[in-house]
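S.K.: First residue of the sequence shown: 1, per full-length UniProt numbering; consecutive thereafter.
Do not take every clue at face value.
Claimed, not checked - So the derived label-pair ranges between C-beta atoms look like this: (1) Asp209 with Ser523: 34 to 44 Å; (2) Lys526 with Leu109: 29 to 39 Å; (3) Ile172 with Gly268: 48 to 58 Å; (4) Ile98 with Met207: 34 to 44 Å; (5) Thr260 with Ile98: 23 to 33 Å; (6) Lys518 with Ile98: 49 to 59 Å; (7) Ile249 with Ile172: 20 to 30 Å.
What the hints assert, rightly or not - Calculated cross-link-like contacts (lysine-lysine; reagent style DSS-like; alpha-carbon spacing at most 30 Å): (8) Lys231 with Lys188; (9) Lys374 with Lys470; (10) Lys470 with Lys529; (11) Lys534 with Lys341; (12) Lys332 with Lys97.
Simulated from the structure, these hints should not be mistaken for lab results. Where is the CB? At the ideal position from N, CA and C, for every residue including glycine.
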Amino acid sequence: MADNEIKNGISPLRWLIKCASPRFLSLAVLTLVSVAVSVISVYFALCSKDVIDAATNVSMRARLYPEMLRLSALLILQIALDSCASFLHIRVLSKIKIDLKENLFSSILGKDYLSVSKYHTGDLLNRINNDTNVIANSITTVVPGSVSLISRLCLSLYVLFVLDKFLAVVCIVLGPVIVIAARLYKKKFKALHKLYQESDGKTSSFMQDTLLNILVIKSFGNENKILSYLKKLQDKNFRIALKRNNISIVANILFYLVVTAGYYFALGYGAYKISIGVMTFGTLTALLQLVGDSIAPFRTVSSLLPQYYQALASAERIIEILEIDNEFKLEKRKTSAQIAKLYADMKEICFEDVSFSYDGKKKILDKLNLNIKKGEFVAISGRSGIGKSTFLKLILGIISPTEGGIYINCTNGRISFDKTMRKMFSYVPQGNMLISGTIRDNIAFSEEDVCDERITECAKTAQIYDVISKLENGFDTMLGEGGAGLSEGQIQRLAVARALYHDADILLLDEATSALDKDTELSLLKSLKAMNEKTLIIVTHRKEVMDFCDRIISVK
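Please work from the sequences and hints to get the whole structure.
M.R.: Dropping the structure here:
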């Protein structure tokens, strides 16, 4: 669903309908099969009546075998339709899950960086996985289930009314009691489900942080403290789950009492009518099945309504993410040809009175003015926390200045810098952020078409080729999470190779050589400087790097 529709304040229910609409045909087929199962269930009750009447009435004995054959055929058909419904349900469920997860994941990638970074990745993953699962399950269960419920209810009541008007009226009176009771716990159940999902997200986030930093935890011997805190989170989650479950238990008890009372009332009523000779055993059998079919749909509400309320709560959590401002539409990003022309015309990048604050109060950068000429190798220095990495994010357009502006001076004038020009840059962040996969996958990360010759060339320029060539599987060597399997210095050089493969005109390096020895660092810097047509901007604390650069810009 388009995010601008969310901006217009769409309700969770309307959003759920929009999510289901691409799979309307599949849901319709699943619903029709479910309705067919309901129709056969009611017809099965009538056939059972005829079989028992034929077996207990001498005058109808000749019809026994034909009626048994008809009942057997119905049973086979019911089994076939049930199997078909199960197959369709799994297929539609899987498709809707894929749709929801892809759309939400795609939306998150396109959101404003600062806004989406306020959410823990564990919480976002919880919404991508758990909330989408809740919604997909609800759509594929509630929609066909509701239509099937209504069709079974109407048909059962109609046949019951034909056989015995009094029992039909009793069922009609009992049904609304269940519906009213279900409505009473809607608000509480929905709130508890949302609270449970939020609590589960916090637990997942904590476990993710722990696994990412397990080396630090071991070095401090903090395992017991971590386990104690995890237990507190899980205990809280457990208590919320119990409260939610208790509401369902109370509701189910009420529904069970109503259904059981209706069934035994029908049994006693039928037994009485048999005793006075106005009802056959077959009719009683049919009535008991039909009473069950008439009241059971109301009982089914006890399972459908909680799923519906869970879906609404999960939809609200996803809509919360979708309402975050988009960065820009990907189709508006400048093409490679446009970027090449822009860089060819570029003379310098200018920061004019640029200020930036993350929280709207404390300024990380204040009235920054500087120029970076095309083709320069520039070092950005300054004490930790002064805003050097923020400076690179501003150039990338990941964040925007609070005050002032960033411009590109060209041979034919000046233009304001914006996020759509991001393809002009290759970026090596602190931490390097490698993905799990092969070395080849990591170097060619930014491109769909992989060129082995270019990969080798970039690896040589980044001074990592000799290391890779000595590995048993070379470029096909699998790396673990975060580049596990390589040293920190090797990971840094691999990240530089990835940036070079992107083949952007401006290279941004954030402490990209901090883990290298002096000789390797010098070789890498020489290789980078040899690319005369490129502009290089490196954030560093190291004097050796600063001395190698054309110019040093000190951020204060």
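S.K.: Indicate, hint by hint, whether the structure satisfies it.
M.R.: Now the hints, each set against the structure:
{"no.": "1", "hint": "Asp209 with Ser523: 34 to 44 Å", "verdict": "37 Å, holds"}
{"no.": "2", "hint": "Lys526 with Leu109: 29 to 39 Å", "verdict": "36 Å, holds"}
{"no.": "3", "hint": "Ile172 with Gly268: 48 to 58 Å", "verdict": "19 Å, violated"}
{"no.": "4", "hint": "Ile98 with Met207: 34 to 44 Å", "verdict": "25 Å, violated"}
{"no.": "5", "hint": "Thr260 with Ile98: 23 to 33 Å", "verdict": "41 Å, violated"}
{"no.": "6", "hint": "Lys518 with Ile98: 49 to 59 Å", "verdict": "51 Å, holds"}
{"no.": "7", "hint": "Ile249 with Ile172: 20 to 30 Å", "verdict": "27 Å, holds"}
{"no.": "8", "hint": "Lys231 with Lys188", "verdict": "26 Å, holds"}
{"no.": "9", "hint": "Lys374 with Lys470", "verdict": "37 Å, violated"}
{"no.": "10", "hint": "Lys470 with Lys529", "verdict": "26 Å, holds"}
{"no.": "11", "hint": "Lys534 with Lys341", "verdict": "14 Å, holds"}
{"no.": "12", "hint": "Lys332 with Lys97", "verdict": "29 Å, holds"}
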